[in-house]
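*Asks:* Below, each chain spelled out in residue letters.
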Amino acid sequence: MNIESAGFGTFVIILIMAVVTLATRWGGVFVMSFVPINYRVQQFISAMSGSVLVALLAPLAVTGDNGARLALLTTAVVMLLLRKPLPAIAAGIAVAALFRQLSVAV
Amino acid sequence: MSSVEKSSVELNAQQVWDGFKQLLPISLFVVIFGVAFGLAAAQTGLDDSSTLLMSTLVFAGAAQFAVLDLWAGQVPIVPLIITVFAINARHLLMGATLYPWLRDLPRAKRYGVMLVVSDANWAMSMQAFNVGKPGLGLLLGGGIALWSAWALGSWLGLYFGSAIQDPVSLGLDMVMGCFLLAMVIGGQKNLRMLIIWSVAAGSSLLAYRYLPENSHVVVGALAGGLLGAVWMEKKVEH
Chain A
1 MNIESAGFGT FVIILIMAVV TLATRWGGVF VMSFVPINYR VQQFISAMSG
51 SVLVALLAPL AVTGDNGARL ALLTTAVVML LLRKPLPAIA AGIAVAALFR
101 QLSVAV
Chain B
1 MSSVEKSSVE LNAQQVWDGF KQLLPISLFV VIFGVAFGLA AAQTGLDDSS
51 TLLMSTLVFA GAAQFAVLDL WAGQVPIVPL IITVFAINAR HLLMGATLYP
101 WLRDLPRAKR YGVMLVVSDA NWAMSMQAFN VGKPGLGLLL GGGIALWSAW
151 ALGSWLGLYF GSAIQDPVSL GLDMVMGCFL LAMVIGGQKN LRMLIIWSVA
201 AGSSLLAYRY LPENSHVVVG ALAGGLLGAV WMEKKVEH
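So the sequences go chain by chain: A and B.
Reminder that position 11 of the first sequence reads as 11 in my numbering, one-by-one numbering, no gaps.
Reminder that position 147 of the second sequence reads as 147 in my numbering, one-by-one numbering, no gaps.
If you're looking for bench data, these hints aren't it; they were derived computationally from the structure.
For glycine and all other residues, C-beta sits at the position ideal for the given N, C-alpha and C.
Among the clues, some could well be false.
[What the hints assert, rightly or not] Chain A side only, calculated, beta carbon under 8 angstroms to chain B, not exhaustive: (1) MET17; (2) ARG25; (3) VAL31; (4) ALA47; (5) LEU60; (6) VAL62; (7) LEU82.
[Said to hold, decoys possible] Computed footprint of chain A on chain B, listed as stretches where at least three residues anywhere in the stretch have a Cβ under 8 angstroms from a Cβ of chain A: (8) 10-17; (9) 30-41; (10) 82-94; (11) 132-142.
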């Protein structure tokens, strides 16, 4: 089944996207309201919350270019040293930009 | 997070405003992503009002970019739904992780706050909750900041998109990655967590390679979560 990507069809496509996305934003909370929150569930949740981010980042680090890898490495090191997110993020981006500019120049 | 402090689930205007301000720096970068999206959408052939409508109603950058890839004269419905769902499925997990702090809110507020949940404000609020600080203001106020930035950026992209020709060479593609990594490292760190994260990372990579596209975040997160549920911390009695 297809939708014409013009006129009203475009609106329908956007509406489908919005509804599906909203379902994901509401679905987790909705499902959890039927789950009794015991200690095991709390442990599941707290382990999962960091894991979401790690799972998001892992392919970025492995499949990314060296600029991406250096950026993540720099952010990690600065964050461990200073424990402040903003300098860590800024340093990561700066390193990626610098590395990529240099590797174009060479 | 073995017990949820009453003070950490309060939500007043001041906290929402504070949350808004705390997410402003990262929102500036979201504006730039928005510009990139506005430009890409215009190049794909979406008209201006559709681009703006999509960014304001959907508010999910990765999914929106992916849909541009599907865009043609005819857009197939089932792949459209699967793509958007798979990329955004992490919201399901985020909602689940927030539930302990949302459950005492009235239903309208609970689901209202979730309207603007996104990676950055979720990560910051979880970090606050986990050390017993109030996080709902970060979630809602920060979400409003991110949403405004995304809509604003998309709009700017329609007119000034060509100003940012190569965001990658400026390292701008790494903003969200570095931000989320900083959140991970700022969180709880011990041997158990490190092992859980390694399992999450390994499962994510395996899924990335061998399972259907866009499944890796959910697979990795669930693997980490399940390990955490099986291998529990010693309970600290209060």
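*Asks:* Now, for every hint given, state plainly whether the structure supports it.
*Replies:* Comparing the hints with the structure gives:
1. MET17: holds (5 angstroms)
2. ARG25: holds (5 angstroms)
3. VAL31: Status holds, d = 7 angstroms.
4. ALA47: Where the cut-off is 8 angstroms and the nearest Cβ of chain B is about 2 angstroms from ALA47 (chain A), the hint holds.
5. LEU60: This interface hint holds because 5 angstroms falls under the 8 angstroms limit.
6. VAL62: Status holds, d = 6 angstroms.
7. LEU82: violated (10 angstroms)
8. 10-17: violated (count 0)
9. 30-41: violated (count 0)
10. 82-94: With 9 residues in contact (Cβ-Cβ under 8 angstroms with chain A), the coverage given for the region 82-94 of chain B holds.
11. 132-142: With 0 residues closer than 8 angstroms to chain A, the region 132-142 of chain B misses the three-residue bar; violated.
The structure fails hints 7, 8, 9 and 11 (numbered hints given earlier, in ascending order).
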